[in-house]
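This is what each chain is made of:
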Amino acid sequence: QQQVKQSPQSLIVQKGGISIINCAYENTAFDYFPWYQQFPGKGPALLIAIRPDVSEKKEGRFTISFNKSAKQFSLHIMDSQPGDSATYFCAASGTSGSRLTFGEGTQLTVNP
Amino acid sequence: NAGVMQNPRHLVRRRGQEARLRCSPMKGHSHVYWYRQLPEEGLKFMVYLQKENIIDESGMPKERFSAEFPKEGPSILRIQQVVRGDSAAYFCASSPLLLLGGANTEAFFGQGTRLTVV
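For the protein sequence lines, the chains are C and F, in the order given.
Residue numbers for the first sequence follow the working numbering, beginning at 17 and rising by one.
Residue numbers for the second sequence follow the working numbering, beginning at 3 and rising by one.
Here chain C stands alone, though its shape is the one from the complex (with noise of 0.2 Å):
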């Protein structure tokens, strides 16, 4: 019931183009769900995240969707640039505490 689901787990966009990382999560008690950028080599940043009480989140490129009855969430990033290849995670949490429980991770690739 703590499990977070990713897909896919590698992806290549041609520049340009947009991203999309779809999430799945099972227990109705998270409440906060952010998504997290990893360079090789360093530490999870936060990108961007959202609560339940709104369907979409925008800042600049990225943009969160969240399907609360689906119990879903995606990340799209829009205009995909070389820049944006790395490791993406999505996460989610729950009032008991800010542990987070994380997807299996993306690896985006933008080719040029």
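To be clear, the hints were calculated from the coordinates, so they are not data collected in a lab.
Built from N, CA and C at the ideal position, the CB exists for glycine as well.
A few of these clues could be false.
Listed next, the stretches of chain C that the computed footprint assigns to chain F, with coverage defined by at least 3 CB atoms under 8 Å from CB atoms of chain F [claimed, not checked]:
| id | stretch |
| --- | --- |
| 1 | 58-65 |
| 2 | 116-125 |
Taking CB as the label site, the calculated pair distances span [claimed, not checked]:
| id | chain 1 | residue 1 | chain 2 | residue 2 | range |
| --- | --- | --- | --- | --- | --- |
| 3 | C | Ile28 | F | Arg24 | 35 to 41 Å |
| 4 | C | Gly57 | F | Ser68 | 39 to 45 Å |
| 5 | C | His92 | F | Ser60 | 44 to 50 Å |
| 6 | C | Ser26 | F | Arg11 | 39 to 45 Å |
| 7 | F | Arg66 | C | Glu42 | 26 to 32 Å |
| 8 | F | Gly30 | C | Ser26 | 36 to 42 Å |
| 9 | F | Gly61 | C | Ile34 | 32 to 38 Å |
| 10 | C | Ile28 | F | Pro63 | 34 to 40 Å |
| 11 | C | Lys58 | F | Lys53 | 25 to 31 Å |
Place chain F on chain C using the hints.
Same frame as chain C, now just chain F:
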């Protein structure tokens, strides 16, 4: 405002030795979390601490692993009698006090300590 500081960045230990990983949270943050990342995998929660208290250690292996966050100084993750399977990247994250009502706030991650057991 320095971020979450972890040291060492890289640590090599022989099987059977002890590994000590340190984490200094961001200034003003009183919550510390440790996560482990195996190669090509996501991060797995290990332990959640506040000053002088272990709040949630449900992700910690029952043996050989311990964590503390003393009143003064950094948080320490200690692995005794390391084995090859302990080789991983260990990340520390910190966050400020939870908002009233238990709402979650952003967790900031350090650069990690990459432990290699030979």
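To see whether the hints hold, each was checked on the structure:
Here the stretch 58-65 of chain C counts 6 residues with a CB under 8 Å from a CB of chain F, which clears the bar of 3, and the coverage holds. Using a Cβ-Cβ cut-off of 8 Å, 6 residues of the stretch 116-125 of chain C lie near chain F, which meets the minimum of three, so the contact claim holds. Checked against the hint of 35 to 41 Å, the C-beta distance between C:Ile28 and F:Arg24 comes to roughly 38 Å, which is consistent with it. Between C:Gly57 and F:Ser68 the beta carbons are some 27 Å apart, a value that contradicts the proposed interval 39 to 45 Å.
Between C:His92 and F:Ser60 the Cβ separation comes to about 33 Å, which falls outside the hinted range of 44 to 50 Å. Checking the proposed 39 to 45 Å range against C:Ser26 and F:Arg11 shows it is violated: the Cβ atoms sit about 27 Å from each other. Range check, F:Arg66 to C:Glu42: Cβ separation about 30 Å, and the 26 to 32 Å hint holds. A hinted range of 36 to 42 Å holds for the C-beta pair F:Gly30 and C:Ser26, which are about 38 Å apart.
At about 35 Å, the CB distance of F:Gly61 to C:Ile34 agrees with the hint of 32 to 38 Å. A C-beta distance of roughly 36 Å is found between C:Ile28 and F:Pro63, which places it inside the suggested range of 34 to 40 Å. With their beta carbons about 27 Å apart, C:Lys58 and F:Lys53 fall inside the hinted range of 25 to 31 Å.
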